[in-house]
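Can you make the complete structure from the sequences, with help from the hints?
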Amino acid sequence: MPAGKACAASASTPAYVEGYAAAVLLYKLGWSAGSYTLKLEHGMASVMPPKNWTGSSEKLSTILTHVPGISSVKILLPHAPKALSVVTEQPQDTSPQSANDGQFFPRGLLFRPLLADPKQPNFFVSDRVYHMPIGTFNIGAVGFGGTLGLYRWNQGPFGGQLQIDFQAGEFSQFDLVQPAPILVNSDFTVGIPLTWRRGANSLRIDFMHQSSHLGAVYYAQVHPTHFTLSFEKLSAIWSHQWPRWRLYGGGGFLLWPAPKSLKRPYVHTGLEYRGPRILSGWARFVAGLDIKNWSQDGWQPNTSLKFGLAYAGPDPAGRHLRILVELYDGQTPNGHFVYEYRMRYIGIGTYLDF
1 MPAGKACAAS ASTPAYVEGY AAAVLLYKLG WSAGSYTLKL EHGMASVMPP KNWTGSSEKL
61 STILTHVPGI SSVKILLPHA PKALSVVTEQ PQDTSPQSAN DGQFFPRGLL FRPLLADPKQ
121 PNFFVSDRVY HMPIGTFNIG AVGFGGTLGL YRWNQGPFGG QLQIDFQAGE FSQFDLVQPA
181 PILVNSDFTV GIPLTWRRGA NSLRIDFMHQ SSHLGAVYYA QVHPTHFTLS FEKLSAIWSH
241 QWPRWRLYGG GGFLLWPAPK SLKRPYVHTG LEYRGPRILS GWARFVAGLD IKNWSQDGWQ
301 PNTSLKFGLA YAGPDPAGRH LRILVELYDG QTPNGHFVYE YRMRYIGIGT YLDF
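Residue numbers (this note's numbering): 1 to 354.
Keep in mind that the hints are not guaranteed to be accurate.
Said to hold, decoys possible - Here are the simulated lysine-lysine pairs, DSS-like style, with alpha carbons at most 30 Å apart:
id: 1; residue 1: K28; residue 2: K51
id: 2; residue 1: K28; residue 2: K39
id: 3; residue 1: K233; residue 2: K260
id: 4; residue 1: K51; residue 2: K74
id: 5; residue 1: K119; residue 2: K233
id: 6; residue 1: K59; residue 2: K74
id: 7; residue 1: K39; residue 2: K51
id: 8; residue 1: K51; residue 2: K233
id: 9; residue 1: K74; residue 2: K39
id: 10; residue 1: K233; residue 2: K263
id: 11; residue 1: K39; residue 2: K59
id: 12; residue 1: K74; residue 2: K28
id: 13; residue 1: K59; residue 2: K28
id: 14; residue 1: K119; residue 2: K28
id: 15; residue 1: K119; residue 2: K263
Claimed, not checked - Restraint-style ranges between C-beta atoms, simulated for each label pair:
id: 16; residue 1: L176; residue 2: P243; range: 37 to 43 Å
id: 17; residue 1: S56; residue 2: H131; range: 34 to 40 Å
id: 18; residue 1: R319; residue 2: F104; range: 17 to 23 Å
id: 19; residue 1: P133; residue 2: I348; range: 22 to 28 Å
id: 20; residue 1: P133; residue 2: P243; range: 39 to 45 Å
id: 21; residue 1: N138; residue 2: T54; range: 41 to 47 Å
id: 22; residue 1: W299; residue 2: I134; range: 23 to 29 Å
id: 23; residue 1: R319; residue 2: I348; range: 19 to 25 Å
id: 24; residue 1: R244; residue 2: P181; range: 36 to 42 Å
id: 25; residue 1: F158; residue 2: T269; range: 19 to 25 Å
id: 26; residue 1: R342; residue 2: G34; range: 42 to 48 Å
id: 27; residue 1: H209; residue 2: K39; range: 44 to 50 Å
id: 28; residue 1: L352; residue 2: P259; range: 31 to 37 Å
Hints are computed from structural coordinates only; laboratory data are not their basis. A quick note: this is a predicted structure, and the numbers were derived from the prediction, not measured. Even for Gly, the Cβ is constructed at its ideal location relative to N, Cα and C.
Shown next, in the form of structure tokens:
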């Protein structure tokens, strides 16, 4: 290990660094164990990519040299006349704490945001057609928010990494049938997720608050039944990632809900798919199925399905643009109407991740 880096004895072994690198390659490139070879010697990682790999050697080198304990990378290409050696020295760690111990504002997330969850904070705009018992409506939905990593422990419990995040989001719906769009409802969420990851397994434990507010013009015109809707929620979701598929499941419990009549427990499950890269590596097909069962509505499934194309540059931790078809069937997920109607909608949305 480079001088000046204080790390535990277990973290200095080649086996630890190789395991760390394997988790990074699975998470960022989708390389499963056994599809490639990786050997570490004196800080140099020698890697033979999967068969028929056509990715960027520079990108692979950049990913691996961000792994604590790897200072240079040698990429072995069987079809090349000789091994390609990309030597990139790791910068000296001048922070008070070693990257092996932890770091403030880490790059990336340990728990990948849920693709099809209607209440996953991100930036989006969507045009939807709502089918409800009271009628059919053209609704414009917009959202702002995301997740920011605050601190990461690289030597977390059970041999994994541990990270504390800050998460906030705003979700609004506008009635587009009117000559001028009218704000119907806005939901605001803020939370502190604690996430853990080891290899293909990850866990998110989240404590969050939600409050909902009707639009002033909508309230004046429609005069709906007014009540305060807010709650705190404690939830936990476990996830397992394969190269193309992801399965997750868990549940949660409402704390101090208003109104108090809200029933508290729910179950949350889902499945995601991310296809191989197309269009010269700049896009891929993605799909997500998210299901929530609330005790409030007799444990009936509330199902969200989203699928479409995701566009991203060569940096796996950079920005992502998604164009998605959206289908929903279940209890209305929006604020003051959340327990009043079962409904369906179909729409198309544009999502941007930072």
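Here's how the hints hold up against the structure:
A C-alpha spacing of about 18 Å is found between K28 and K51, which places the hinted pair at or below 30 Å, so the restraint holds. Annotation: proposed proximity of K28 to K39 holds, straight-line Cα distance about 19 Å (limit 30 Å). Using a Cα cut-off of 30 Å, the hinted pair K233 and K260 holds, with the two alpha carbons roughly 14 Å apart. Taking the CA atoms of K51 and K74, the gap is near 17 Å; set against the 30 Å cutoff, the hint holds.
Restraint check for K119 and K233: the C-alpha separation of about 13 Å stays at or below 30 Å, so the hint holds. Of the pairs offered as hints, the one joining K59 and K74 holds, with about 13 Å between alpha carbons and a cut-off of 30 Å not exceeded. For the suggested pair K39 and K51, the alpha carbons sit about 17 Å apart, so the restraint of at most 30 Å is met. Distance hint between K51 and K233 is unfulfilled; the C-alpha atoms sit about 46 Å from each other, more than 30 Å.
Straight-line distance between C-alpha atoms of K74 and K39 comes to about 10 Å, which keeps the hinted pair within the 30 Å bound. With a C-alpha separation of about 12 Å, the suggested pair K233 and K263 falls inside the 30 Å cut-off, and the hint holds. A C-alpha spacing of about 18 Å is found between K39 and K59, which places the hinted pair at or below 30 Å, so the restraint holds. Our distance criterion of 30 Å between C-alpha atoms is met by K74 and K28, whose separation comes to about 19 Å.
Only pairs whose Cα atoms come within 30 Å are accepted, and K59 paired with K28 is accepted, the gap being roughly 11 Å. For a cut-off of 30 Å, the pair hint linking K119 to K28 stands: about 24 Å separates their Cα positions. Restraint check for K119 and K263: the C-alpha separation of about 19 Å stays at or below 30 Å, so the hint holds. At about 40 Å, the CB distance of L176 to P243 agrees with the hint of 37 to 43 Å.
A hinted range of 34 to 40 Å for the beta carbons of S56 and H131 is inconsistent with their spacing of about 46 Å. Under the hint 17 to 23 Å, the C-beta atoms of R319 and F104, about 22 Å apart, fit the expected range. Restraint check, P133 to I348: a C-beta distance of roughly 24 Å satisfies the suggested window 22 to 28 Å. Under the hint 39 to 45 Å, the C-beta atoms of P133 and P243, about 43 Å apart, fit the expected range.
Remark: the range hint 41 to 47 Å for N138 to T54 is upheld by a beta-carbon distance near 44 Å. For the hinted restraint 23 to 29 Å between W299 and I134, the CB-CB distance of approximately 24 Å keeps it satisfied. Taking the beta carbon of each, R319 and I348 are about 20 Å apart, inside 19 to 25 Å as hinted. Remark: the range hint 36 to 42 Å for R244 to P181 is upheld by a beta-carbon distance near 39 Å.
At about 23 Å, the CB distance of F158 to T269 agrees with the hint of 19 to 25 Å. In this structure the hint that R342 and G34 lie 42 to 48 Å apart at CB holds, the actual value being about 46 Å. Under the hint 44 to 50 Å, the C-beta atoms of H209 and K39, about 48 Å apart, fit the expected range. At roughly 35 Å, the beta-carbon separation of L352 and P259 lies within the given 31 to 37 Å, and the hint holds.
In this structure, the earlier hints numbered 8 and 17 are contradicted, and the remaining ones agree with it.
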